[in-house]
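There are 4 protein chains.
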Amino acid sequence: MEKQTQEELNKIKEKLDGLLEKWIGFNQYDANLLSKIKLVKWEKGSVVYSMNVDPELCNMFGTLHGGAQATLVDVLGSMAIFSLDPTPNTIVPSVSVEISVNYASSAPRDSTVYIHSNCYKQGKNLVFTETTIKNDKDEVVCKGSHTKFVLKSKM
Amino acid sequence: MEKQTQEELNKIKEKLDGLLEKWIGFNQYDANLLSKIKLVKWEKGSVVYSMNVDPELCNMFGTLHGGAQATLVDVLGSMAIFSLDPTPNTIVPSVSVEISVNYASSAPRDSTVYIHSNCYKQGKNLVFTETTIKNDKDEVVCKGSHTKFVLKSKM
Amino acid sequence: MEKQTQEELNKIKEKLDGLLEKWIGFNQYDANLLSKIKLVKWEKGSVVYSMNVDPELCNMFGTLHGGAQATLVDVLGSMAIFSLDPTPNTIVPSVSVEISVNYASSAPRDSTVYIHSNCYKQGKNLVFTETTIKNDKDEVVCKGSHTKFVLKSKM
Amino acid sequence: MEKQTQEELNKIKEKLDGLLEKWIGFNQYDANLLSKIKLVKWEKGSVVYSMNVDPELCNMFGTLHGGAQATLVDVLGSMAIFSLDPTPNTIVPSVSVEISVNYASSAPRDSTVYIHSNCYKQGKNLVFTETTIKNDKDEVVCKGSHTKFVLKSKM
Chain G
34 MEKQTQEELN
44 KIKEKLDGLL
54 EKWIGFNQYD
64 ANLLSKIKLV
74 KWEKGSVVYS
84 MNVDPELCNM
94 FGTLHGGAQA
104 TLVDVLGSMA
114 IFSLDPTPNT
124 IVPSVSVEIS
134 VNYASSAPRD
144 STVYIHSNCY
154 KQGKNLVFTE
164 TTIKNDKDEV
174 VCKGSHTKFV
184 LKSKM
Chain C
34 MEKQTQEELN
44 KIKEKLDGLL
54 EKWIGFNQYD
64 ANLLSKIKLV
74 KWEKGSVVYS
84 MNVDPELCNM
94 FGTLHGGAQA
104 TLVDVLGSMA
114 IFSLDPTPNT
124 IVPSVSVEIS
134 VNYASSAPRD
144 STVYIHSNCY
154 KQGKNLVFTE
164 TTIKNDKDEV
174 VCKGSHTKFV
184 LKSKM
Chain Y
34 MEKQTQEELN
44 KIKEKLDGLL
54 EKWIGFNQYD
64 ANLLSKIKLV
74 KWEKGSVVYS
84 MNVDPELCNM
94 FGTLHGGAQA
104 TLVDVLGSMA
114 IFSLDPTPNT
124 IVPSVSVEIS
134 VNYASSAPRD
144 STVYIHSNCY
154 KQGKNLVFTE
164 TTIKNDKDEV
174 VCKGSHTKFV
184 LKSKM
Chain E
34 MEKQTQEELN
44 KIKEKLDGLL
54 EKWIGFNQYD
64 ANLLSKIKLV
74 KWEKGSVVYS
84 MNVDPELCNM
94 FGTLHGGAQA
104 TLVDVLGSMA
114 IFSLDPTPNT
124 IVPSVSVEIS
134 VNYASSAPRD
144 STVYIHSNCY
154 KQGKNLVFTE
164 TTIKNDKDEV
174 VCKGSHTKFV
184 LKSKM
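Residue numbers (the working numbering), protein chains in the order written: chain G, 34 to 188; chain C, 34 to 188; chain Y, 34 to 188; chain E, 34 to 188.
To be clear, the hints were calculated from the coordinates, so they are not data collected in a lab.
All copies of an identical chain are treated as equivalent in the list; a pair is satisfied when it fits inside any one copy or across any two copies.
In silico DSSO-like cross-links for lysine-lysine, where the CA-CA straight-line distance does not exceed 27 Å: (1) Lys157 / Lys167; (2) Lys170 / Lys157; (3) Lys170 / Lys77; (4) Lys74 / Lys167; (5) Lys77 / Lys167; (6) Lys185 / Lys157; (7) Lys167 / Lys71; (8) Lys36 / Lys167.
Using the sequences plus the hints, can you model the full thing?
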């Protein structure tokens with residue numbers, strides 16, 4: 034991938050932070066998760082967010098719930114897609130075709146996880162993303178894929 | 034699958050409803066979803082829950098969020114496993130190996146969906162479930178799989 | 034799904050058998066597998082093929098190879114799609130978006146398996162299929178999904 | 034991952050090449066594919082093979098068959114696992130739990146592809162691998178996962 038200028042990188046961050054804030058305001062299913070994540074690294078097509086594993090994100094084993102991990106694969110895959118175009122506020126609307134997640138290790142309550150999402154193919158109709166959640170020892174918690182179908186009109 | 038007596042079926046329902054209530058009380062990641070589902074059909078290894086698509090379960094298109102669907106595939110797959118053994122309150126603890134979901138149609142806000150989960154293979158180490166979410170026209174909203182690894186001690 | 038007349042069912046069988054023969058003739062990656070399967074049950078959108086687990090389809094454990102199972106999920110998912118329209122020889126061309134397979138049991142060499150494929154959603158752009166391979170005791174060997182993207186021109 | 038000495042790397046290559054030759058000799062489902070791949074890069078837990086897209090590996094569009102790609106995700110994920118332990122000829126036997134593949138681009142007949150497989154988690158019971166097939170322009174053809182369950186006795 035070609036190098037971006039610092040100005041472009043700043044625009045990507047501004048856009049992603051703006052979308053995040055807007056979505057938290059929508060107060061929908063992902064609002065609680067979105068309110069906990071923080072962009073720590075980014076470039077065109079690729080983002081890393083950090084998140085604290087708060088107790089209300091856990092399962093009965095006291096570790097990050099598999100459904101929360103799947104929702105992160107869903108939402109942050111979309112963020113990776115939006116990072117491809119730094120134009121403020123525009124998004125190419127798309128719908129989910131599939132999500133899959135492989136659970137390799139658990140992330141205990143109150144630990145920090147890092148969610149790496151990457152858009153590795155942006156076709157005219159289909160967009161492909163992959164997401165890896167790692168714990169603070171850089172071990173893989175899960176790896177997931179999220180494939181989306183592009184709707185035609187820009188939003 | 035062999036037929037169950039009405040008494041066995043009653044015990045399965047009692048067990049599942051008891052687990053549901055207990056888990057809602059844990060107030061963890063799935064509590065909000067769990068508080069919205071209602072067991073409408075069940076037998077050994079197979080459950081159907083109904084759910085209203087409340088606004089707080091939606092995405093920005095006003096339809097059931099893909100992450101909520103994945104969480105239902107996760108949690109109700111586990112319920113299908115627990116329905117295999119009607120003994121009250123006991124569960125064989127297990128952890129997720131993978132979840133995958135294919136999104137076929139959307140389920141609009143305020144509609145009713147039916148979540149069908151089925152455990153089609155219970156091995157010594159691995160348990161396999163499949164889940165189909167349907168809308169009220171009996172169309173498939175999504176189909177998903179949830180595979181779990183069995184931990185040895187009963188809870 | 035609405036009932037089909039016997040005449041329609043005959044046309045579907047004729048079409049599927051014709052496509053199978055044609056493809057075996059192409060002598061491509063799936064030719065060997067295709068030459069071993071036999072249509073035993075069918076309706077609009079749904080097919081069942083039987084197959085003998087010949088030694089050359091096995092892995093080093095002497096059971097049906099996971100790659101052969103994945104290829105069956107691929108190819109027979111497409112057959113289920115083609116069974117939707119009984120018009121002879123026409124197919125709506127489409128390309129694979131994803132395939133996933135969960136391996137529940139093994140199918141030993143020289144046993145018979147039954148491959149059930151079903152197209153549960155035919156959208157304008159995306160088509161969704163599910164496939165279950167069962168052994169001769171009606172146990173699940175694997176369950177898989179195959180999602181395809183529809184190309185516009187008919188072939 | 035810690036650096037390996039040149040001697041260790043040589044032992045890994047010798048082991049993998051030996052297993053490949055042995056398996057081709059078994060003449061089973063994957064023998065044809067295995068006879069076409071060549072190890073071009075490797076370290077502990079990670080391998081890259083190159084392969085020419087021969088006509089008999091293609092589909093009716095003249096590109097690498099989705100079933101062949103899934104079989105590569107299966108087999109080379111196992112090779113990545115075997116590369117973890119350089120001891121000659123020993124393998125920890127394991128069986129497939131799931132395979133999933135996302136198809137991003139096609140690889141035309143007679144082009145060269147590079148298959149990158151990586152074992153990112155080796156647990157006591159479960160082993161997780163990911164595989165990316167790239168074309169000669171370094172674009173992603175597909176990304177897949179292969180999860181295996183470890184059988185206890187060494188072979």
